[in-house]
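Spelled out from the first residue to the last, the chains are:
Number of protein chains: 2
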Amino acid sequence: MTSIEDLETPVVTIDLAVMEANIRKMQDYCDRHDIRFRPHIKTHKIPEIAELQRAAGARGITCQKLGEAEVFAEAGFEDIFISYNLIGTAKLKRLMELSRKARISVAADSAAVVGGIAEAAQAAGLEIPVMVECDTGAGRTGVQSPRQALELALLIDRTTGVSFQGLMTFPTSMEGTPPFLAEALDLLSGAGLTAHIVSGGGTPQSWRVHEIPQINEHRAGTYVYNDSNTVAAGTATLEECAMRVRMTVVSRPTEDRAILDGGSKTLSAERLLWKDPQYGTILEYPEAVIYHYSEEHANVDLAACGRKPAVGEPVTVIPNHCCVVSNLHDQVIGVRDGQVEVVWNVKARGLVR
Amino acid sequence: MTSIEDLETPVVTIDLAVMEANIRKMQDYCDRHDIRFRPHIKTHKIPEIAELQRAAGARGITCQKLGEAEVFAEAGFEDIFISYNLIGTAKLKRLMELSRKARISVAADSAAVVGGIAEAAQAAGLEIPVMVECDTGAGRTGVQSPRQALELALLIDRTTGVSFQGLMTFPTSMEGTPPFLAEALDLLSGAGLTAHIVSGGGTPQSWRVHEIPQINEHRAGTYVYNDSNTVAAGTATLEECAMRVRMTVVSRPTEDRAILDGGSKTLSAERLLWKDPQYGTILEYPEAVIYHYSEEHANVDLAACGRKPAVGEPVTVIPNHCCVVSNLHDQVIGVRDGQVEVVWNVKARGLVR
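Residue numbers (our numbering), protein chains in the order written: chain A, 605 to 957; chain B, 605 to 957.
Take the hints with a grain of salt, since some may be wrong.
Sample of chain A residues facing chain B (criterion: CB under 10 Å; computed from the structure) [stated by the list, open to error]:
1. Met700
2. Glu701
3. Arg704
4. Asp739
5. Ala873
6. Leu877
Some chain B residues well away from chain A (every beta-carbon gap over 12 Å; in silico) [unchecked claim]:
7. Gly719
8. Pro733
9. Val956
The following label-pair restraints were derived from C-beta to C-beta distances [as the list claims (entries may be wrong)]:
10. Asp610/B x Lys629/A: 42 to 52 Å
11. Ala914/B x Arg911/A: 57 to 67 Å
12. Ala914/B x Asp860/A: 32 to 42 Å
13. Val947/B x Gly719/A: 50 to 60 Å
14. Lys697/B x Glu723/A: 26 to 36 Å
15. Gly916/B x Arg762/A: 45 to 55 Å
16. Gly942/A x Thr841/B: 47 to 57 Å
17. Thr841/B x His800/A: 50 to 60 Å
18. Thr693/A x Glu859/B: 40 to 50 Å
19. Thr841/B x Gly796/A: 28 to 38 Å
20. Gly729/A x Lys705/B: 26 to 36 Å
21. Ala908/B x Leu877/A: 37 to 47 Å
22. Thr693/A x Asp941/B: 41 to 51 Å
23. Asp610/B x Met605/A: 25 to 35 Å
Don't read these hints as lab results, they were simulated from the structure. The C-beta atom is built at its ideal place from N, Cα and C for all residues, glycine as well.
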C-alpha cells in the first residue's frame, strides 16, 4: 500500500469517496426530476471515470472535441454528443469515420457548419443528428435569437445528411435560458418541428435546472471533482472537492511568503471565477492566499496565518478549475482513506483537435 | 510535402528560419559581451532544439524541474543547471542518480534545502555544485539580502557534499540586480569565497545584460520562440515570433464577434504581461482583440476590423507566453517557407516533478 504521504509532489489526487458521492448526487438529482443526464467528460478525460458515471445512470456523454470523442468511442461509449462546431475536410472525414462506430451527435450554430456536415454525410451515406446551439446569454457561440434557431432548424430539417435533434445551450442561465427556449420551442412547434432534446449545461446551475421546464437533458462536467470555482459559486462545499493537488513548500523567503513547488504548469493560470487573482485554496492554511504564480512556483501570502508552514511541509490545494488541471497532467492518483487505490492515465488529455 | 494550409487546427507551428535567427542573435550577443549563455529549455522542452542552441555556442542548459533534467541528460546534455530548490527523499535520490550521468548543478535559497542535498550527497559519495539564489526584486524565491547570500554561501562552503558555485537571480532587473550582486560579491570576497558563476536570467532584459558587469552567465528561454509578451516588453518584434498557433474561425455569432477553435487548452489562460486580459495577437487581423477564453474557444472582438473573417477561415495567433503553450501540446510542427519540415515531440512536456 502506498500512502498519500509517500507521493512525490506536485501530484494530482482524486478522493474516490468524494468523487463517487458527487456522481451519485448529480445522478439522483437528475433522476428525481426526470432530466436525462449526459456528463461532460472534459473534466476528467478518463474513460474509467465515465464508466462510473454511466453505471450510475448517465445516458450518453458529452465531448468538446472530436479527438476526445475518438478516445471515448474506442473505450466503448456508444452515444456521444460533441458540443462543438466541426469544420474542415479533415475533421468532417474523422466525424464520418467515428459515426460508423458510435452514435455521434453534434452542435451547429450556422448554415456554414450545417452545410459542411451535410455534404460530408451525404458523400458517406450517413445522417448526422444535429443540435442547434443557442446563445442564451453567455456571449460565446450559438445563434443569437429564437428566430435564428428556427431558421437553422428548418435548414437542418430540409437538408439530406443531417437530422434536427433539438436545442442546446451553455451555460444554462436562470435568467436568459428560459425565455429564449420557450420562444424557440414555440416557433419550432408552429413550424411543425420537434426538439427531441433540449439540453442545458454547466455545473454552477445544476441544482436549479428543474426550474426550467423546457430542459429535458443536463450536461455537467466539473461536478465530478468540484473546485474552488464551484465552491465560490455556492454549488459545492470544500468537502465535496475530490481533486486535491498535493504540493510542497520549497521556500520561505520572508516571514509572510511561502513558495509552493508548482504554478501554472500544475494549477493553471486561471483566476477564481475568471476574475480574482487567487490561484487555488490551501486546505491546511485557509487564511493563506495564492496571489501569484509562475510556471513552477506559486507565491503564497501567509500574513493572515497564525501558524505558518516550514520548508518541506506538504500542503493540499483545491485548484480554481479542475478541468484545466486535468489537461495539464498525464496521470491522476485515486486515493481512499489516505491510501493510493488506482492510478489513472488522463487518456484524452491535450486533444485540442 | 505538406503545406501549412493542410494542417488540422488548432496546431502549434514553429517558423524554423525565425527560430534559427533568434538562436543566432542571442548567442552572438552573449559572445560579443563575453557572457556565458545557458539557455533555459522550459520554453521548448525539445532536445533537438537544445541541440541547435548548443551547436550555436551555448554552454550548458537550464532546467526548472528534475524531470526535465532527466530527459535532457538522457538526450546527451552533460552540463545542466536546475534552477530550483530540490526537496524530499525521492527527489534527492533522483538528483544523486542523475549526478552520476551528467554534471548537475542546483539552486538553493535556504539552509534546509542545502542540508537535504548535502546529506543525500554525503550518503552517495558525491559533491553537488550549488548556486545561491538571490531575490533581487522579483519577490519569488531567493535569499533576501546580500548578507543572507553570504551566510548561505559560507554554509555551503563548509558542508561536505556540496560546493559553492556562485550566485543566481531571476529575473535580471536593471534596477535591483546590480546593487544586490555588487554588495554580495564584496561580502563573499571579504570572506575569501569566490563566486565562479554569477548568473542572471530572463528574456526581457537580454539585450542589456552586458550593462551589469557582475553577471558572467545569462539564462534565457523565451527568446528562442518569442511571444506577445516579449513583443509588448519591447524585446522582440512580431516578425521575430517563431511560435505561431494556427487556428480556425468556427463561429461568427454576431457582426463583431468571432470564435476560434482553441482557448486555454491551446493558448493558456495567461494574460498579456500577466495583467491585460488579452489572450494573444492575431497576425491577419491586428485590430482584433482576443478578449475572453474558455477551454476550447477564444472570443474575438472584431469591432475595430475593417475586413472580418468568415466561418472556416484560418488565422495565425502569436500567444502571450510561448513556454506555457509548449507545455499544452504533445507535438509542434517546424515549418519553413510554408511547408512542414519536421514534427517534434515536446519530450519534456508536463514534467512538473
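For which of the previously enumerated hints does the structure constitute a violation, in increasing order of number? 1, 2, 3, 6, 7, 9, 12, 13, 14, 15, 18, 19, 20, 21, 22 and 23
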